[in-house]
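Undergrad: Chains as they are written, first to last, in this note's numbering: chain A, 233 to 436; chain B, 9 to 437; chain C, 595 to 794.
Please keep in mind that the hints were generated in silico from the structure rather than gathered at the bench.
In silico BS3-like pairs for lysine-lysine, Cα to Cα no more than 30 angstroms straight-line:
| id | chain 1 | residue 1 | chain 2 | residue 2 |
| --- | --- | --- | --- | --- |
| 1 | C | K639 | B | K411 |
| 2 | C | K639 | B | K277 |
| 3 | B | K277 | C | K607 |
| 4 | C | K639 | B | K275 |
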Amino acid sequence: MGLTLPEAPGATVSSMSPNWMTTRVDAVINWGRANSLWPMPFGTACCAIEFMASAAARFDLSRFGMERMSFSPRQADLLICAGRLPFKLAPVIRKIWDQMPQPKWAISMGACASTGGIFDTYAMVQGIDTIIPVDVYVPGCPPRPEGLIYGITMLQKKVRGETLFDWNLRDERPLGPEGLFLPAPRIDEISEPFGNSVHQTRSA
Amino acid sequence: MAPRTIEMQLQTPGLDAQGRVQMSPLGLQRIDRTADDLHAEHMLVNIGPQHPATHGVLRLVVELDGERVIRVIPHIGYLHSGFEKLGEYRHYNQIVPLTDRTDYLSPMANNVCLAMAAEKLMGIEITERCTVLRVIACEMSRIISHLVWLGTTGIDLGAMTPFLWSFQQRERIYNLQESWTGARLTTSLTRVGGLMADIPDSFEAGLRDFCRTFPKTLDEVDTMFTRNAIWAGRTQGVGVLTREEAINFSLSGPMLRASGVEWDLRKDKPYLGYQDYDFDVPVGEHGDIYDRYRIRLEEMYQSTRILEQALDKLAKLKGAPINVSDPRVILPPKSRAMSDMEAMIFHFKQVMEGVSAPAGEAYLGIENPKGELGYYFVSDGTAKPVRWRIRPPSLINLAALPKMCEGALLSDVIAINASVDIVMGEIDR
Amino acid sequence: MSPAPDVPALRAKFGTAVTRHAVIAGDDIVWIAADRAREALAWLKAEGYGYLVDITAVEYRDPELPLEVVWMLRDLGTARDLRVKVALDPKAPLAVDSVVDLWRGADWLEREVYDMFGVTFRGHPDLRRLLMWETYHEGHPLRKGFPLRGHFSRAEQTRQALAANPEAHYSMEELSIAEAYDDLPQEMRERLARGERGNV
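If we strip away everything but chain A, and leave its shape as in the complex, we get:
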């Protein structure tokens, strides 16, 4: 992990220009990847219960090839962070993410994983995208299983749009010098309290 991204705008992107061969290869590879995403359910709270309901008989993730939940990150493609992420759990999800081999994607399921949700408190990470890169955000508290499945189909569409021949596509953004995934001012900026999230009344 930790290949550097070409930062300069004029830097060459080392990939082959797309042609008939690359598009066919991409179509096959991406078809395989999209239809057999093995999720790593990083289920923490209520969203995990709706995730379990999605996997159960009524909504059935098996139709998407996702019934094989991989609790070992080393065998998983897709990290689904289902539930709120407190600061105590932050190094754990970072470690799990680092342990997942490429190609890997992340779905942030629920309001708490996406932005901190109703928990604008001392203990809650205000969105897992401050710690790991997220591909799809599924809003809801908790999102209905149909909502999660919509997010999964959105991710499948994203996967199908990728190309194997862009060498830099799967590069990881390395942790910065302070061990942070995003620069500190950016984290503060996106964690600003939204409106009256602390006091929740207009009078106080």
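Once you've looked at the hints, dock chains B and C against the given chain A.
TA: Just chains B and C now, kept in the frame of chain A:
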């Protein structure tokens, strides 16, 4: 085997309020290894916090001698969200959505407990129809919580199918919850002095149908597990807690009753009119996992019984109000708030300032599926509590895990952890 | 079986140590002087209150009011509850005696009060943070002086959280496993015996 060299950093576990390092003398226990011919090391194995069988983000550090457990040390706090602190910044009705998310397997029961605790603090008496509807909410929550327990414990012990059965039945309750409150899981059903809404017309028929057919699923589960040699072999005699230990550990709910203590808040400190319902409370005698399984299974049958009786009572209360008629506590109907000045002022005051509680405090414990859930409110006369304490049954039940796992095998640790029926949202809050 | 003692019996036994009694919302609450709290709780347990419901603490918004540590006791036989409170000065170091040897359920409850309020429970076998991580030094979250979003900025909190590797922190209990103990350097063993736990 030569002892290995270890380099460890000692991190400080505790600072006092002034930031000084805490000093407390430690009694270090040496384990006598002379009887151990192989001089094998004891392994420290880390289970969790991300693990399929820990039922949430629980971390267990297990000291093993081969397959046998010497000690289990649970670490919690991986889902600590600051609920109690958040409650101090919210009006009492604004705390209701927070309660959905503590024990998210039985959200309606938490909602009911919160409303009852706030009503105890404020001295409000709810209407009869509201009482019956709250009983329905509590018993539906008991069923869905025990169904999750059943499914996940089955998976932990290797049985995949009951998970699918139980989640299919849960979907039927979720349909009812959704038709009543609009949400499957985060219901936010109650308000101080009443409920968010009355049940829709289709609800009674749906619930009666559920009560008619649900016991058949329970019979199937019973056939599958109760006299199953594998199930009995893995659960009988495992994770035993005696009666005295159970009381000393402050256990509650099925954990307490499995050890032979006849204590159920619905019978011993009745609330919501439970004394008028005809139901039994199963009590075990061995205090092992098997007894806890039998108790939870039987509680689901009994909950179905209570639901049928509640529906009968409800039929006699057609058209009765669900909210108290005090306009300072309950929002007036929107049509009146838009047309009548007095109603508009009441609406304004409640939304902008919240409903104030008198200075004082109140603790209310109810029989949640997991044990005794208690909410303790301390008020200083304003609309936001000074302190909101959640007495989490799962936390107190989990604290007995090290005792239950003494001398067990590693696979028993998973089974015992499953039998405690924990939900980390409640433990960590 | 004789019923658990009521408040007049408690007053008769402990006299002026029972500083106040109130019945609020139908519950009995007694305030006991801090130095005799453990004795009173032990007596209450011996006399029938064998079940501990909860231990918590309350800090009021008014800084003049004391910080109270609350024990909720119950007699299962008669289904009678009693709430015992000790008032502490919120500006002074907070400490009460532990009751873990009376009710084992008090173990984690006291650790949580320590974590959230900073109340030291004298005699607790392993008083360390329960909900926050071991090296958390932003403060004690449920104190009124602690803001809802914490003292530090979000970036700083994230930085500290990511640096706190959860598996590196073993409790004293885990370190006391004999094998590890033998291999510790001598001065570390001496420090452990004295109860010191190293630097932050």
